[in-house]
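These protein sequence lines map, in sequence, to chains A and B. Position one of the first sequence corresponds to residue 1 (the working numbering), numbered consecutively onward. Position one of the second sequence corresponds to residue 1001 (the working numbering), numbered consecutively onward.
Certain hints may be false.
As the list claims (entries may be wrong) - Residues from chain B that face chain A, not an exhaustive set, calculated with beta carbons under 10 Å: (1) G1040; (2) L1098; (3) S1102.
To be clear, the hints were calculated from the coordinates, so they are not data collected in a lab. The beta carbon of each residue, even a glycine, is placed where N, CA and C say it ideally should be.
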Amino acid sequence: IAGITQAPTSQILAAGRRMTLRCTQDMRHNAMYWYRQDLGLGLRLIHYSNTAGTTGKGEVPDGYSVSRANTDDFPLTLASAVPSQTSVYFCASSDSAGGPDTQYFGPGTRLTVL
Amino acid sequence: GQSLEQPSEVTAVEGAIVQINCTYQTSGFYGLSWYQQHDGGAPTFLSYNALDGLEETGRFSSFLSRSDSYGYLLLQELQMKDSASYFCAVRAGSARQLTFGSGTQLTVLP
């Protein structure tokens, strides 16, 4: 059982290029999230999905898009990367069945946009 | 919107007790969570408080005062492996999204 996997682990990308960060979970959680983490700014929510087929915007959605075609996968796409999108990206999931809303995080993708 | 404040750095010695405070401003408060993140690693869930009072999980405890919009994480019998960043996070209303604080870097000295 892997939990949440993310790919790639790291990537260097030229500005203006399109990039999709992949996220897959095997816990059958309803809700999934994408965060970016920059030094001194903590984790900021980019987009979320409460259930397959639905998505919503978080705190910093501009320049990013997501889709949720099924329960397990939640890819994040940068349509035209810019240097300010250099960050560490974490995918997370949670079970909406109740309880403390524990979020489980993937290992992260370190993205550098030049 | 939501905002959280926590100290940026805390230093303590092995075996000591340390308290990391978190104050928050939010509408429709639902609960306060704490996460731990080691350098280069993923955040991992530590504790959650929805009601006032203290929740204890082994060496870690978390406290919440809803009337003061304040909580803290208490780490006892500090070990070197506790050196990490600690984030408080609030859930506001029926939405399941969390807003995270900027994190507190805890350094445990021998």
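Violations among the numbered hints:
Violated hints: none at all, because every hint is consistent with the structure.
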